[in-house]
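Number of protein chains: 2
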Amino acid sequence: MKFLAKILIFPKEGVLDTQGKAVGRSLKRIGFEEIKEVRIGKYIQLWLEAASEEAALVKAGSMCSELLVNDLIEDQRIEVERCGL
Amino acid sequence: MKFLAKILIFPKEGVLDTQGKAVGRSLKRIGFEEIKEVRIGKYIQLWLEAASEEAALVKAGSMCSELLVNDLIEDQRIEVERCGL
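Chains W and H, in that order, are what the protein sequence lines are. For the first sequence, counting from 1, position 4 maps to 4 in this note's numbering; every step adds exactly one. For the second sequence, counting from 1, position 33 maps to 118 in this note's numbering; every step adds exactly one.
Calculated directly from the structure, the hints in this document are not laboratory data. Certain hints may be false.
Cβ pair distances, simulated, as ranges [said to hold, decoys possible]:
1. H:Val143 - W:Ala22: 22 to 28 Å
2. W:Lys21 - H:Leu142: 40 to 46 Å
3. H:Glu138 - W:Asn70: 17 to 23 Å
4. W:Val58 - H:Glu134: 38 to 44 Å
5. H:Glu151 - W:Cys83: 31 to 37 Å
6. H:Lys87 - W:Asp75: 16 to 22 Å
7. W:Ala55 - H:Ser111: 18 to 24 Å
8. H:Glu138 - W:Lys2: 19 to 25 Å
9. W:Leu57 - H:Glu139: 32 to 38 Å
10. H:Ser111 - W:Asp75: 37 to 43 Å
11. W:Lys21 - H:Ile115: 29 to 35 Å
12. H:Asn155 - W:Asn70: 25 to 31 Å
Cβ coordinates follow ideal geometry from the N, Cα and C atoms, glycine included.
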């Protein structure tokens, strides 16, 4: 079966996010004064074959810990859905 | 009131995503043969002041079209939630 794993990766609380700071400043500069904070992470869509939704979730979790996520500074959230393709 | 806008920005279907291709190849190389496709986008968390949830959504939409998203090659999805802080 084919699944789509949607993986959100974002800086841990307390970790300095320089890209977010820069984007926040740019938004203020073009008039969005209501901005309080911006933090920038990654959104990875990952299509994979797996025997079940649980197996797909476990697999995606392994990919995160082995390659996609830096545990020291990033948090992750994974959602998996069955995918018709 | 303070809101958190969660913005997903990802490559449109049909647009070549070289970063996704590279990550897909790397995942296969370290043993994840079940990978079919990988696409990489951005996940932006944005805290802002607004009068209502709708106002926050409209504001976040403007920020996307004015700075954060390249309409030609990227799609976006925005969720807004009330935020206690």
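Going through the hints against the structure:
1. H:Val143 - W:Ala22: 22 to 28 Å: Given a distance of about 24 Å, which is inside 22 to 28 Å, the answer is holds.
2. W:Lys21 - H:Leu142: 40 to 46 Å: 24 Å, violated
3. H:Glu138 - W:Asn70: 17 to 23 Å: 33 Å, violated
4. W:Val58 - H:Glu134: 38 to 44 Å: Holds - the Cβ-Cβ distance for W:Val58 and H:Glu134, about 41 Å, lies within 38 to 44 Å.
5. H:Glu151 - W:Cys83: 31 to 37 Å: 33 Å, holds
6. H:Lys87 - W:Asp75: 16 to 22 Å: Given about 21 Å between the Cβ atoms, the range holds.
7. W:Ala55 - H:Ser111: 18 to 24 Å: 21 Å, holds
8. H:Glu138 - W:Lys2: 19 to 25 Å: With a Cβ separation near 35 Å, H:Glu138 and W:Lys2 fall outside 19 to 25 Å, so the hint is violated.
9. W:Leu57 - H:Glu139: 32 to 38 Å: Given a distance of about 34 Å, which is inside 32 to 38 Å, the answer is holds.
10. H:Ser111 - W:Asp75: 37 to 43 Å: 21 Å, violated
11. W:Lys21 - H:Ile115: 29 to 35 Å: 33 Å, holds
12. H:Asn155 - W:Asn70: 25 to 31 Å: 26 Å, holds
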